[in-house]
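Top line first, the protein sequences correspond to chains V and X.
Heads up, the first sequence is in our numbering, so the first residue is 24 and it goes up one at a time.
Heads up, the second sequence is in our numbering, so the first residue is 24 and it goes up one at a time.
Calculated directly from the structure, the hints in this document are not laboratory data.
Take the hints with a grain of salt, since some may be wrong.
Identical chains blur together in the list; that is why a pair holds if it fits in one copy or across any two.
[What the hints assert, rightly or not] Once the Cα atoms are required to be at most 20 Å apart in a straight line, the calculated SDA-like pairs of lysine to any residue come out as:
1. Lys105 - Asn401
2. Lys105 - Val265
3. Lys105 - Glu84
4. Lys137 - Arg258
5. Lys137 - Thr291
6. Lys105 - Asp410
7. Lys108 - Arg172
8. Lys105 - Gly411
Quick caveat: nothing in here was measured; it's all calculated off a predicted structure.
Protein chains: 2
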Amino acid sequence: MIVLGAGPTGENVAARAVRGGLSAAIAESELAGGECSYWACVPSKALLRPAAVADEAARVEGVTGTRLEPEAVLDRRDRFTKNWKDDGQAEWIRGVGVDFFRGVARITGVRSVKVGDAELHANHAVVVCTGTRAVVPPGLTAARPWTSREATSARSVPRRLAIVGGGVVGCEMAAAWQALGSQVTMLSHGRLLERVDEFAGDLVADGLRAAGADVRLGVSVTEAAREADGTVTLRLSGGTTVVADEVLAATGRAPRTDDIGLEAVGLTPGSWLDVDDTLRVRGVRGEGEEAGGWLYAAGDVNHRALLTHMGKYQGRICGDAIAARASGREPAVTDWADHACVPQVIFTMPEVASVGLSAARAEQAGYRVRVVDYDLGNVGGAALLADGYTGRARIVVDEDRRVLVGATLAGPGVGEMIHAATVAIAGEVPLERLWHAVPSFPTVSEVWLRLLETYGL
Amino acid sequence: MIVLGAGPTGENVAARAVRGGLSAAIAESELAGGECSYWACVPSKALLRPAAVADEAARVEGVTGTRLEPEAVLDRRDRFTKNWKDDGQAEWIRGVGVDFFRGVARITGVRSVKVGDAELHANHAVVVCTGTRAVVPPGLTAARPWTSREATSARSVPRRLAIVGGGVVGCEMAAAWQALGSQVTMLSHGRLLERVDEFAGDLVADGLRAAGADVRLGVSVTEAAREADGTVTLRLSGGTTVVADEVLAATGRAPRTDDIGLEAVGLTPGSWLDVDDTLRVRGVRGEGEEAGGWLYAAGDVNHRALLTHMGKYQGRICGDAIAARASGREPAVTDWADHACVPQVIFTMPEVASVGLSAARAEQAGYRVRVVDYDLGNVGGAALLADGYTGRARIVVDEDRRVLVGATLAGPGVGEMIHAATVAIAGEVPLERLWHAVPSFPTVSEVWLRLLETYGL
Numbered sequence: 024m025i026v027l028g029a030g031p032t033g034e035n036v037a038a039r040a041v042r043g044g045l046s047a048a049i050a051e052s053e054l055a056g057g058e059c060s061y062w063a064c065v066p067s068k069a070l071l072r073p074a075a076v077a078d079e080a081a082r083v084e085g086v087t088g089t090r091l092e093p094e095a096v097l098d099r100r101d102r103f104t105k106n107w108k109d110d111g112q113a114e115w116i117r118g119v120g121v122d123f124f125r126g127v128a129r130i131t132g133v134r135s136v137k138v139g140d141a142e143l144h145a146n147h148a149v150v151v152c153t154g155t156r157a158v159v160p161p162g163l164t165a166a167r168p169w170t171s172r173e174a175t176s177a178r179s180v181p182r183r184l185a186i187v188g189g190g191v192v193g194c195e196m197a198a199a200w201q202a203l204g205s206q207v208t209m210l211s212h213g214r215l216l217e218r219v220d221e222f223a224g225d226l227v228a229d230g231l232r233a234a235g236a237d238v239r240l241g242v243s244v245t246e247a248a249r250e251a252d253g254t255v256t257l258r259l260s261g262g263t264t265v266v267a268d269e270v271l272a273a274t275g276r277a278p279r280t281d282d283i284g285l286e287a288v289g290l291t292p293g294s295w296l297d298v299d300d301t302l303r304v305r306g307v308r309g310e311g312e313e314a315g316g317w318l319y320a321a322g323d324v325n326h327r328a329l330l331t332h333m334g335k336y337q338g339r340i341c342g343d344a345i346a347a348r349a350s351g352r353e354p355a356v357t358d359w360a361d362h363a364c365v366p367q368v369i370f371t372m373p374e375v376a377s378v379g380l381s382a383a384r385a386e387q388a389g390y391r392v393r394v395v396d397y398d399l400g401n402v403g404g405a406a407l408l409a410d411g412y413t414g415r416a417r418i419v420v421d422e423d424r425r426v427l428v429g430a431t432l433a434g435p436g437v438g439e440m441i442h443a444a445t446v447a448i449a450g451e452v453p454l455e456r457l458w459h460a461v462p463s464f465p466t467v468s469e470v471w472l473r474l475l476e477t478y479g480l
Numbered sequence: 024m025i026v027l028g029a030g031p032t033g034e035n036v037a038a039r040a041v042r043g044g045l046s047a048a049i050a051e052s053e054l055a056g057g058e059c060s061y062w063a064c065v066p067s068k069a070l071l072r073p074a075a076v077a078d079e080a081a082r083v084e085g086v087t088g089t090r091l092e093p094e095a096v097l098d099r100r101d102r103f104t105k106n107w108k109d110d111g112q113a114e115w116i117r118g119v120g121v122d123f124f125r126g127v128a129r130i131t132g133v134r135s136v137k138v139g140d141a142e143l144h145a146n147h148a149v150v151v152c153t154g155t156r157a158v159v160p161p162g163l164t165a166a167r168p169w170t171s172r173e174a175t176s177a178r179s180v181p182r183r184l185a186i187v188g189g190g191v192v193g194c195e196m197a198a199a200w201q202a203l204g205s206q207v208t209m210l211s212h213g214r215l216l217e218r219v220d221e222f223a224g225d226l227v228a229d230g231l232r233a234a235g236a237d238v239r240l241g242v243s244v245t246e247a248a249r250e251a252d253g254t255v256t257l258r259l260s261g262g263t264t265v266v267a268d269e270v271l272a273a274t275g276r277a278p279r280t281d282d283i284g285l286e287a288v289g290l291t292p293g294s295w296l297d298v299d300d301t302l303r304v305r306g307v308r309g310e311g312e313e314a315g316g317w318l319y320a321a322g323d324v325n326h327r328a329l330l331t332h333m334g335k336y337q338g339r340i341c342g343d344a345i346a347a348r349a350s351g352r353e354p355a356v357t358d359w360a361d362h363a364c365v366p367q368v369i370f371t372m373p374e375v376a377s378v379g380l381s382a383a384r385a386e387q388a389g390y391r392v393r394v395v396d397y398d399l400g401n402v403g404g405a406a407l408l409a410d411g412y413t414g415r416a417r418i419v420v421d422e423d424r425r426v427l428v429g430a431t432l433a434g435p436g437v438g439e440m441i442h443a444a445t446v447a448i449a450g451e452v453p454l455e456r457l458w459h460a461v462p463s464f465p466t467v468s469e470v471w472l473r474l475l476e477t478y479g480l
């Protein structure tokens, strides 16, 4: 089997297929390890963690003097990205028994891929794990904006940084660069973090403002220019102007499928790849679903969930499915979590973590829903964690089954707390049983007790 | 119904009984809020959190200058203990509709209690929630040692602090006072934290030593004296001597049942109270179990689990059970968690968190056990959290049901991670389903993926 793209997803697909008895090749046009390792999760968390712990320290009486050294934080980031060298990753790939090819890979026909001059032919499957790239709106291009790549890899701190887009990338990078010394101006069409419950975005906006950022909601950029002196000028709806040294376009992602040969198998270059729950691509020319398709797509490129951990999850399922089918069996495990149990942690200050369905989505899905909220600041463990702790927790309950279908947390340190909700949702644990899952005093997790009490248990 | 002891357990018993339609009185001989609020969890965590966040900050490249101000940390502790005034707690008790009596309460007969001059008679139940006190070994008394009370409430930092006992109190107080400036000498019969998996105690010993404490394992104190100059001299097995300014006896707990009138109902003063799963005391004179006993005991005093959160859990079950029986119904919910799902977080540096059965206890209980370990330092999210992160995770699997029965975590920040294991154990979530509970990248919780991969999923 052949994998296009050696990000975390592709690596998992190949490694699981090899574990299942197949031989595998993987092709990468940039760096083995992928976007996540060099221009997304890893460098952003490497930048954000120092800012977060400094923020946490500042919130505890009796702890003083904490400060960030921007240069050292950038060095830390460089260490985690291995200075954008992938020797270690390439070695890991070869170490698990996968052939590693460098170069742009293109599908040339059924089970066939060309990488540079090498013609590869798979007996069983080809898997597209090419991920996404940043979309820059045409109106911003004249300003030569940063994308997530520059925002996570910049070697110096811009004095003034404008950020267009209030999603995860925009919010995380606003938090990081404001902490590192930039004067950040955040510009968002709507509220921040529109895909999670409203209170979370509100708390993040409060946090950014408290850190000194200028957060402007409900605005759009009508004109952008890079001036002769190198500065950026953005004209906003309403007529005001923002001047900055850099501008980050955090305005969405597009699939990296425009130049991988999709046209050779009847698919549309540049499109997201529609897959079934074994990660097999639908609509490949000449392949009925029942005939057993050979083309798979895992990770961001299939648009199920643009998150590294979900890509890896899909990668495991996909690699196992290919190995199973190679042995004439149908896959034992299929993609379940992407439908109703996708977790996400946003490493802003405060952190935001969510999993499963929001109240609105649960209602759309036909559940009889009850929403329970609790103020995290009223949890004893939270008050002990940070003086004046501010945060909120929400669970969404399916009243018919009395199980959780969603949860959202916002507050310092909630990132490691969401997995309890993920287990409750994945395990379909009834509330009556959750009542016996006692959280320890005095942890912030005791909010689970308060939520269930508030529910009426 | 009448409750003896207004700690968190007694407060929960009374509040739940009132919610269930009963009237309730609660008697407290010291401070409403109990040991936990003034001389245990709350002040210890108030002291430890500043030390923990300073330790976390010191482990992140790019964060500098963090220091503890001991005087301000002690002020913080005083704020959380309300300067050992219980007005707010007493007000809370009255606010939920419970009559509050100050004074020593003694059982005088069936359903009868005397508090000072007040004779109280319950229609339904009397509940003992008097908790425990520290046990000081006779050999230490001459040194006039601190107990947990002085260790959590001391107003100045001893220059040299010896600690006898390597359990939770000893380890937490060693971590706190070493961080606040004491030179701590820890003296333990055996290894540290003997009730949790060995690796956790080893990591805590390493942490204490790295912080500068002198940790001596396998030693006992043969002689102790308070000298004329106020210092303490401890002679140890092996013949060496430790000189300190204070010594903490962290050597176990005894039930506070010696002066509550147990003899009036055929029970032994000073004994732990044996209870059934509705928290009803067994062996009360003249009361067959089937006849429906009127005496209950919840929290530490029944020796099921000496933990505030388990006391509160029992308190909820007990209060509900009393209210149910008052209406002629049997309780719908009984104590389940104390048998196999007790969580505990130890706020040392590193933190330790455990839930359920250790491997040894699971084997004793007859399970066909498989233990899976994973080095937390190899989790990407852990490396990002703290440079050179050191820690370990263990799950104990019942191979017949393919469910978790125990978990232990040791490492920075694991305290909020254990609840996921608690939910998995309480929910009896099969490993095959846990596989779909995807932890977010890059959190430390991704150890769940690694544990399940290591298991073979």
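Hints versus structure:
For a Cα distance limit of 20 Å, the shortest separation of Lys105 from Asn401 across copies, 16 Å, qualifies, whereas the shortest one inside one copy, 42 Å, does not. Proximity of Lys105 and Val265 under a CA criterion of 20 Å is satisfied in neither setting, with 35 Å inside one chain copy and 49 Å between copies. Taking the shortest Cα distances, Lys105 and Glu84 sit within 20 Å of each other only across copies (15 Å), while inside one copy they are farther apart (37 Å). For the identical chains of this complex, Lys137 and Arg258 are neighbours neither inside a copy (46 Å) nor across copies (78 Å), given an alpha-carbon limit of 20 Å.
Taking the shortest Cα distances, Lys137 and Thr291 sit within 20 Å of each other inside one copy (18 Å), while across copies they are farther apart (84 Å). Taking the shortest Cα distances, Lys105 and Asp410 sit within 20 Å of each other only across copies (14 Å), while inside one copy they are farther apart (37 Å). With identical chains, the CA atoms of Lys108 and Arg172 are at most 20 Å apart within one copy only, with a shortest distance of 15 Å there and 55 Å across copies. When the C-alpha separation of Lys105 and Gly411 is checked against a cutoff of 20 Å, the pair qualifies only between copies, where the shortest distance is 16 Å, while the shortest distance within a copy is 38 Å.
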